[in-house]
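Trainee: Below are the chains, spelled out letter by letter.
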Amino acid sequence: MTFAFWLFAVLTLAGGLAAVLLKNTVHCALALTVAFAGLALLFLDLDAQFAGFAQILVYIGAVAILVVFAILLTRGSETPQEGVFSHNWFAGLAIAAAVFAVLAWAVLASAHVLPHEAAMPTVTVAQIGQALIGRYVLPLEIVALLLTAAMIGAVIVAMDEKERAK
Amino acid sequence: MTGMATPLTGFLLVAALLFAVGLAGALTRRNAILVLIGIELMLNSANLNLIAFWRYGPHPEALTGMMFAIFSIAVAAAEAAVGLGLVIQIYRHAKTTDLDLMNRMKG
Numbered sequence: 001m002t003f004a005f006w007l008f009a010v011l012t013l014a015g016g017l018a019a020v021l022l023k024n025t026v027h028c029a030l031a032l033t034v035a036f037a038g039l040a041l042l043f044l045d046l047d048a049q050f051a052g053f054a055q056i057l058v059y060i061g062a063v064a065i066l067v068v069f070a071i072l073l074t075r076g077s078e079t080p081q082e083g084v085f086s087h088n089w090f091a092g093l094a095i096a097a098a099v100f101a102v103l104a105w106a107v108l109a110s111a112h113v114l115p116h117e118a119a120m121p122t123v124t125v126a127q128i129g130q131a132l133i134g135r136y137v138l139p140l141e142i143v144a145l146l147l148t149a150a151m152i153g154a155v156i157v158a159m160d161e162k163e164r165a166k
Numbered sequence: 001m002t003g004m005a006t007p008l009t010g011f012l013l014v015a016a017l018l019f020a021v022g023l024a025g026a027l028t029r030r031n032a033i034l035v036l037i038g039i040e041l042m043l044n045s046a047n048l049n050l051i052a053f054w055r056y057g058p059h060p061e062a063l064t065g066m067m068f069a070i071f072s073i074a075v076a077a078a079e080a081a082v083g084l085g086l087v088i089q090i091y092r093h094a095k096t097t098d099l100d101l102m103n104r105m106k107g
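Those protein sequence lines, which keep their order, are chains A and B. Quick note on my numbering: the first sequence kicks off at 1 and runs consecutively. Quick note on my numbering: the second sequence kicks off at 1 and runs consecutively.
Don't read these hints as lab results, they were simulated from the structure. Every value quoted in this text rests on a predicted model; they were computed, and no experiment measured them.
No more than 25 Å apart at the CA atoms, straight line, and that leaves these computed lysine to any residue pairs for SDA-like: (1) A:Lys-23 / A:Glu-82; (2) B:Lys-95 / A:Trp-89; (3) A:Lys-23 / B:Leu-101; (4) A:Lys-23 / B:Met-102; (5) A:Lys-23 / A:Leu-11; (6) A:Lys-23 / A:Val-34; (7) A:Lys-23 / B:Met-42.
Some chain A residues close to chain B (C-beta under 8 Å, calculated; not the full set): (8) Leu-42; (9) Ala-70; (10) Ile-71; (11) Leu-73; (12) Thr-74; (13) Phe-85; (14) Trp-89; (15) Leu-93; (16) Ala-96; (17) Val-99; (18) Leu-103; (19) Ala-111; (20) Leu-114; (21) Pro-121; (22) Ala-150; (23) Val-157.
Glycine included, each C-beta is placed from N, C-alpha and C at the ideal position.
Work out the full structure: start from the sequences and follow the hints.
Mentor: Here it is as C-alpha cells:
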C-alpha cells in the first residue's frame, strides 16, 4: 500500500464522516464534495482515469451543486433545535456497525484468495469509447433514455403546483 | 495477517467503511437531504469496489468493471436529480424536510 492510497483513503473517509456528522447542512454538502474528490483521486490511483474524471465532472460538478441548491431552496441550512439526529439513531448506528463488521469480516476472511499485485492495465480512452459504442451500445442507449426521463421527471416533480395548473 | 499486504484488500476495506458511514447517515439523520447524501456515499463506495476489482481482476482489458462503474455513476446522477426534486416538492407541501415529522401517508 502506497502513501498516496492512505492519503486519499483518509481524505475520503474524513469527508464522508464530516458529511454525516456535521450539524450545519451546508457544511455537510461541502464535506460531501471532499469525499467525492477523495474517491475521484482513489479512482485515479487505481489507473481508472476515465472513471476518475467522470466522477469529478458528475459528482463534484453536478450532484454537489444540486445538493447545495436543494438545501438552500428548503431552508435546510437552519439547524433544528431538537437536534440533527433521529430519535432512533442508536438502532441506525448499530445496523451500520453490524453491516461494516460483516463486510470487513468477508473481505479479511477471503484476503488470501484475492489477487495480488496485477500488471497495470493499458486502457486508453479510445478503447473505452469503442466499447461504449460497440459491446455496450444498448446499455448506453438505455442510460441516455433514463437520463432524459429523469430530467423531465425531476422538473415535473419539482414544478410549483400553481404553475402546473396554468 | 499476510493477506493485508494486497492493495485490493485496502480498497475493499475503505469501500466497506465508506458504505457503513453512508448507511449510518441515511439511517440516523433527520433531514431528508442528508439521507440522500448518505445514499450517495453508499453508491460511491460500491463504485470504488467495482473499479478496484476491475484493476486487480484477471482481465482488465475487458473493461467490464469500469463500464459497470461508469453506468452506475450515470444512474446515480439521475437518482440524485429525482430524489432532490421530490424533497423540494415535499418541502413545499409539508413545510419541513424533517423525516421524524413526516409520519403520515396522507398529506
